[in-house]
Amino acid sequence: MTISIPTAVLIIVLGLVGIGIYALLTTRHLIKVIVALQLLVKGAMLALVLAGHLTGQDDLGQSLAITVIIADTIVAVIGMALAVQVRRVVGTLDLRSLTSLRR
Amino acid sequence: MAELLILLTIGLPWLGALFCWAAGDRHPRLQHGLAVAFSLAAGIAALLLIPFGKDQVLITLSVGGAFGNFTFSPDGLGVFLAAVATVIGSLAVIFSVDYMRSEDQLGRYYAFVLFFIGAMVGLVLTTNLLLMFAFWEITALTSYALISFHNDDLKAVAGGIKALIITQFGGLGLLIGALVLFANTGSYDILTIIANPGILPAGALAWMAFGCLAAGAAKSAQFPFQTWLPDAMEAPTPVSALIHAATMVNAGVYLLARFFPAFEGVPGWREAVMAVGMLSALLAAVMAIFATDLKRVLAYSTVSQLGYMVYAVGAGGIFAAQFHLLSHSVFKALLFLGAGAVIHSVGTRDMRQMGGLGKNMPFVRLVFVIGALALAGLPVLNGFWSKELILEAGLAHGNPLWMLFVMLVVSGLTAFYSFRMVWLVFYGQPRAELHAHDAGPAMKVALAPLAIGTLTTWLLAGSFSRLLSESLPAHQIAAHSTGEILLEVLTAPITLIALLVIALGLVCWWQRDRLAGVKRALTGLQITATNSFGFEAVNRAVVLGAQNSAEKLRSTQTGVLGWNVAYLVIALIGVLAILLLGVGLP
Amino acid sequence: MVHGLIAAVTLVCAIQAVRATRLLVSALWLAGASALVALEMYLLGAPEIAVIELSVGAGLVTVLFVFAINLTGEENLDARRMIPRPLAWTMLFIAGALLLIFILPGINQPATGQVYGAFREIFWEDRQLDTLLQIIMILAGVLGVLGLLSDQKTGQIAPYEEHGA
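These protein sequence lines are chains A, B and C, in that order.
Going left to right, the first sequence walks through residues 1 to 103 as my numbering numbers them.
Going left to right, the second sequence walks through residues 1 to 586 as my numbering numbers them.
Going left to right, the third sequence walks through residues 1 to 165 as my numbering numbers them.
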């Protein structure tokens with residue numbers, strides 16, 4: 001059985017997004033959350049490139065993908081900076097202990 | 001050139017906000033210096049922008065398709081308010097150098113003040129209604145943050161929250177207006193709708209008109225939203241002078257004046273605007289007569305004077321409203337800063353404890369009396385000319401005469417409480433052991449230009465009317481020279497009547513001992529007025545309701561990331577299901 | 001065929017990144033997944049994006065991960081999940097199925113649609129606001145790095161305390 005190129009890319013997209021969301025739903029570790037976000041966003045980025053490819057607007061899709069790469073990298077950087085500070089102040093990276101705003 | 005100046009006027013204060021915050025609270029002198037430098041630079045940029053007001057240039061910042069381009073137009077209304085915001089803003093910042101000398105966390109203070117100045121300039125210069133909404137909300141945010149600046153003081157926090165919640169109703173009105181405009185025309189452009197209101201169906205135009213009226217009333221603390229302004233007096237006094245007297249509260253009047261050509265044809269709109277202005281002017285003036293807190297008297301008088309402007313817009317006197325706005329910004333900023341100097345010196349706001357302070361602070365007394373006489377509307381000061389113009393506008397265009405009569409009565413009340421305030425603070429016998437000293441050097445630097453402005457801004461009447469008439473063709477403002485306007489005011493019979501009423505107000509204060517019987521008869525009125533005629537309770541109920549429902553919703557915030565993501569996924573499933581059921585398969 | 005293979009390996013990398021108990025291992029699997037996504041983009045005819053993704057996504061972010069993990073240390077949390085696993089699977093399954101219903105009919109259609117212009121034009125001229133916001137984001141990222149590198153100043157921040165204790 002041969003699969004077409006778009007189908008293969010679609011599998012990657014849905015797989016990455018699904019795995020990312022699954023990890024976000026279940027993980028309790030702050031750094032794992034960042035890993036999950038990275039996976040999710042890579043799926044979204046590939047989806048943009050694919051959508052541009054499918055509709056014949058390669059350049060539009062790619063220019064949006066660049067924005068996604070920048071945003072995603074900065075989210076990762078700030079997330080990690082946050083994690084380092086949380087570890088210093090709270091003493092753990094367990095998300096369940098980060099609910100001080102809750103009553 | 002105009003493009004650069006507009007960007008500078010908005011960008012310089014914002015840049016200054018960033019620098020003041022980054023300078024760190026360990027370097028207060030550097031923060032004072034940075035704030036003064038950036039606000040002054042913005043003031044100069046705004047003044048340089050005024051000559052471009054006549055050219056009707058339109059500056060477009062292309063931001064790609066989705067929301068329309070960000071457009072700015074330095075027309076007469078815009079440049080004039082931008083100049084007021086930045087010039088009075090820089091004076092308030094200079095005043096703060098003395099007033100906030102011993103305070104902590106200056107970075108937060110100056111960052112929000114400068115952020116406000118930039119947003120206010122953006123609000124009056126933009127012609128994109130969505131962008132205007134964004135600036136509108138930034139000013140609300142900074143106003144809240146500065147009212148609650150002393151965030152360890154419960155009253156300050158409560159006042160800030162109240163202002164935020166009440167003005168949000170206004171923001172909602174503006175948003176409705178913007179969405180109605182976009183839904184019907186596909187753009188947020190203000191200029192098209194003003195030039196040709198017919199492009200909107202009558203029903204949609206009415207929604208937009210009354211949405212903007214709600215927005216303007218909430219922002220300008222008009223009936224029935226008026227009670228947030230007195231509570232906002234917990235803010236540091238320079239903030240009260242800048243945001244809650246000279247600039248932000250004028251945004252409502254600006255909005256109504258800006259859209260007047262579009263909305264004047266909506267049935268009932270003009271009458272509603274006049275009624276809102278008249279009720280605010282009357283109720284606030286009565287409350288000012290009985291208030292004992294110096295800043296609250298000024299707050300009530302602000303509501304009352306804003307009521308005059310709103311009334312003038314409804315009556316069709318756009319020029320009169322804007323001219324009074326200019327006068328009021330100057331003399332009310334002067335009064336607030338003067339009151340700030342008094343409060344800073346004696347450490348209380350209660351006028352019952354003051355008295356006889358004039359001997360120790362002659363400079364403050366001099367400028368404060370100038371401001372109070374302008375507020376009362378005595379001749380030659382700027383408040384006189386603009387108030388008379390408003391009363392004349394009330395006489396024209398077939399407006400109801402009984403409303404004009406109420407406004408005349410209010411001008412008598414204004415004279416009465418202005419005189420009472422000056423007397424209680426500066427004259428008579430000292431009523432408490434208060435140690436008073438005159439204003440500091442930075443305070444004097446800020447007060448002197450405002451006092452000079454109060455004495456002279458009426459000379460600008462001619463060029464101001466020319467600026468408005470040339471740059472706002474849809475508003476149909478006739479251009480007159482200063483001489484013509486002054487002659488018109490002096491020869492109008494209504495001026496004589498108004499002066500008589502004002503004199504009556506002064507005589508009432510003079511002969512207050514003989515009128516003791518009247519005062520006793522008015523005790524009931526005093527009690528109702530001190531309770532804001534019941535609107536305080538209504539407003540408090542609204543604020544409490546909003547806070548309680550927020551508290552209840554809080555239980556949905558588990559703080560657990562997993563559940564937040566789960567709700568996102570459930571929402572995605574919901575959207576897809578709706579698409580599938582409603583639209584069907586692609 | 002190549003594409004199918006890439007897809008399979010990418011997903012294996014992603015699953016391993018999520019499953020790995022040691023954070024360093026997890027970060028390395030993530031880098032692998034990122035590199036394969038970059039390869040796929042190259043094959044789809046987007047070499048510029050592929051290069052950026054490879055250098056930033058697989059390179060820079062991995063280095064930062066290693067750095068951050070060094071600073072925070074490995075921490076073994078007990079296995080209790082935030083959300084019960086069956087619930088997570090059910091939600092994902094429903095969402096994925098609904099998405100597939102929408103996507104599948106169009107996936108193998110030939111390209112249609114109007115071409116908007118060259119990459120450079122779109123990026124620098126049609127999306128100015130986005131470009132501006134990206135610059136602001138990069139500034140925020142710089143602040144983030146400063147936070148990452150800042151000295152141990154634990155003394156300045158009050159230690160976290162459980163409320164009601």
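If you are wondering where the hints come from, they were derived from the structure by calculation, not from laboratory data.
Note that this is a predicted model, so its numbers are computed, not measured.
Please note that a few of the clues may not be correct.
Derived contacts from chain C toward chain B, CB cut-off under 8 Å, selection only [unchecked claim]:
(1) I83
(2) P86
(3) M91
(4) L99
(5) L100
(6) I101
(7) I107
Selected chain B positions facing chain A (Cβ under 7 Å, derived; list incomplete) [stated by the list, open to error]:
(8) L179
(9) G562
(10) V565
Restraint ranges, calculated between C-beta atoms of paired labels, are given here [as the list claims (entries may be wrong)]:
(11) C/T90 with A/G91: 32 to 38 Å
(12) B/H27 with C/L60: 55 to 61 Å
(13) B/L18 with C/L60: 48 to 54 Å
(14) B/L18 with C/N70: 57 to 63 Å
By construction, the Cβ of each residue, glycine as well, lies at the ideal position given by its N, Cα and C atoms.
We went through each hint and held it up to the structure:
1. I83: With a minimum Cβ separation of about 4 Å from chain B (threshold 8 Å), the hint on C/I83 holds.
2. P86: violated (13 Å)
3. M91: Holds, about 5 Å.
4. L99: Cβ of C/L99 sits 7 Å from chain B, so the hint holds.
5. L100: violated (10 Å)
6. I101: Constraint on C/I101 satisfied, holds at 7 Å.
7. I107: violated (11 Å)
8. L179: violated (26 Å)
9. G562: OK, holds: B/G562 within 7 Å of chain A, min 5 Å.
10. V565: holds (4 Å)
11. C/T90 with A/G91: 32 to 38 Å: 35 Å Cβ-Cβ, so the 32 to 38 Å window holds.
12. B/H27 with C/L60: 55 to 61 Å: violated (35 Å)
13. B/L18 with C/L60: 48 to 54 Å: violated (27 Å)
14. B/L18 with C/N70: 57 to 63 Å: violated (32 Å)
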